[in-house]
Amino acid sequence: MKILVVDDEPDVKDLFEQRFRREVRNGEFELAFANSGEEAITYLSSRPSEVVLILSDINMPGMSGFELLRHIRTDFNAPPPPVVMMITAYGDPESQQQAAKLGANDFLTKPLDFTVLKEKLRTIA
Amino acid sequence: MDEDEISSSLLTLLIIWQTRRFLDTKNRLPQWDWWLKNYWFINVALIGLSTVTDEDFPLRLIWLIALGMVGYTVHLLSPNQAARTAFLAVAPFMFLMSVFKVIEDLFPKFAKTYSNFTDSTVGFSLVWLVAFLIVASRQKKALIKLEQEREIEAAERRKIEARKQELEYLVAQRTAEITSQKEELEQALTELKATQNQLIHSEKMASLGELTAGIAHEIQNPLNFVNNFAEVSVELIDEIADEHHKPNPDPQLTDELLTDLRQNLQKISQHGSRASSIVRGMLQHSRASSGQREPTDLNALCEEYLRLAYHGLRAKDKTFNASFSTELDASLGLVTVVPQDLGRVLLNLYTNAFYAVQSRQKTAQEQASSYQPTVTVTTECIGNEVRIRVRDNGVGMPESILSKIFQPFFTTKPTGEGTGLGLSLSYDIITKGHGGTIEARSREGEGTEFIIELPA
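Line by line, the protein sequences give chains S and X.
Just so we're aligned: 74 in the working numbering is position 74 of the first sequence, and the numbers increase by one with no gaps anywhere.
Just so we're aligned: 259 in the working numbering is position 134 of the second sequence, and the numbers increase by one with no gaps anywhere.
In case anyone wonders, no lab produced these hints; they're calculated from the structure.
Any given hint could be a false lead.
Using 25 Å as the maximum straight-line C-alpha spacing, the simulated SDA-like pairs for lysine to any residue come out as follows [as the list claims (entries may be wrong)]:
id, chain 1, residue 1, chain 2, residue 2
1, S, Lys2, X, Glu360
2, S, Lys110, X, Glu429
3, X, Lys529, X, Glu491
4, S, Lys110, X, Gln395
5, S, Lys13, X, Arg399
6, S, Lys13, X, Tyr197
7, S, Lys13, X, Lys270
8, X, Lys441, S, Lys13
9, X, Lys371, S, Gly27
10, S, Lys13, X, Ile365
11, S, Lys118, X, Lys441
12, X, Lys441, S, Asp106
13, S, Lys120, X, Glu360
14, S, Lys118, X, Asp363
15, X, Lys270, X, Trp142
16, S, Lys120, S, Gln96
Looking at chain S on its own, in the form it has when it is part of the complex (with noise of 0.2 Å):
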């Protein structure tokens, strides 16, 4: 299962790396990462229908989270539609609402938990 993690600090790659140490090595996950939204977008465009699921923070210079969101539901929603999870250091209600209208399939917020992500992972793999 191919994921994409949208992030734009550059620990982000690192710490998931780590953190799946042993899915990835056992070829459970594969792991992609993108800086921003843009760069998600040019990632998505070059792999079509590629990615199964997409980690995506919300707050992000440039193109936001939810900007990706609705992008990702326009135009890379070919079926099977990418499961997408949203992340924000905001819990708020308003954001959470929002990345429900605009199709995220979840809402997550950091710290992220990586034990509960992984149970919510193996899921949908």
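Given the structure of chain S, go ahead and fit chain X onto it with the hints provided.
Positioned in the frame of chain S, the structure of chain X alone reads:
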């Protein structure tokens, strides 16, 4: 005693009476007047004596006594011109009357021979008397007139004096009023100054409040990494231990795990110091400025406050999103500034910039046009000067507002949102505190740029 004597005594009575009236002795010489008033008593006494002794001599004294009394009266009133003239009028007549009577008594023959002469002399002295009495009466009138004038003058003077006192009282009253007003004003000024200081302080606290949300986010983020990398590191160590206990461990995997572990620990330390530098910055911002200049990494300061300002605004308005970028001149090195003060200036400029792009974003969303809000900070080293530019592509402002932005209490924000002191304080900090310049350029609908130049 003959008719002549009776007329003499009556004449003297008349003269004394007239003297009293003419010279107003009743008021002027009240004590002496008693004698004049009772002159008739002396007169009667002398007549009585003359009758009892059957001798004319006491009657002769009448003229002398009357003359003496008139003379003494005039002497008492000597400064009075009219009195002297009156005496001059009556004295010859009275003197002649007494002298001729005595001569008549002592030398009757001689008196008879020269009666013509004595009569004409008395006649002449009478004419003299009348003439001088007229003069005296005129003098008296003139004197009275003069006195009246003096009195009028004195009354006038009293009136002026009273008016002067009234004016002086008024002046004193007004002076007191003005003094009390001056004191009130001084007190108001002191209060104003205190209020201004309070405002400056609260402005600082308000900007700190704007920061807190940003700070919370900025601290939470590195802390998440610290926690995560620490947890992952524990997992790594477990894996290394597992590998170690295997009968034939894979040295390549162990090496890889160790490299990751080292990397993680570096990241923990890196994020830890990022968090503590933010806390330090916050403390610095809230502390009263020491005003002490110290070598400061301006690039770091510019970047740090940009992030704080962005996240502060983000925390307040969740829908807000903007990109911010830095173009920092690495050759800048350390610049001697007051870091807290400069931080406040930067925070102000950033907050305004983000506010401007946010306002434009709202209208852009309504019109569904594509707009990318951007705030950029640029540092440059130009000769002996450092130039910091804070640029936004927000709403911009017209010339009418641009000319007022550095004035205290000028704000375009709704009441209660801005103190109107941010830029005015920034202006003071840059110009007075650092000897630099700050200016703004703006185009309505295109954006604004603030340019700070500091002597390095």
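Status of the hints after comparison with the structure:
no.: 1; hint: S/Lys2 to X/Glu360; result: 23 Å, holds
no.: 2; hint: S/Lys110 to X/Glu429; result: 22 Å, holds
no.: 3; hint: X/Lys529 to X/Glu491; result: 29 Å, violated
no.: 4; hint: S/Lys110 to X/Gln395; result: 19 Å, holds
no.: 5; hint: S/Lys13 to X/Arg399; result: 19 Å, holds
no.: 6; hint: S/Lys13 to X/Tyr197; result: 139 Å, violated
no.: 7; hint: S/Lys13 to X/Lys270; result: 124 Å, violated
no.: 8; hint: X/Lys441 to S/Lys13; result: 28 Å, violated
no.: 9; hint: X/Lys371 to S/Gly27; result: 22 Å, holds
no.: 10; hint: S/Lys13 to X/Ile365; result: 22 Å, holds
no.: 11; hint: S/Lys118 to X/Lys441; result: 32 Å, violated
no.: 12; hint: X/Lys441 to S/Asp106; result: 24 Å, holds
no.: 13; hint: S/Lys120 to X/Glu360; result: 21 Å, holds
no.: 14; hint: S/Lys118 to X/Asp363; result: 19 Å, holds
no.: 15; hint: X/Lys270 to X/Trp142; result: 24 Å, holds
no.: 16; hint: S/Lys120 to S/Gln96; result: 18 Å, holds
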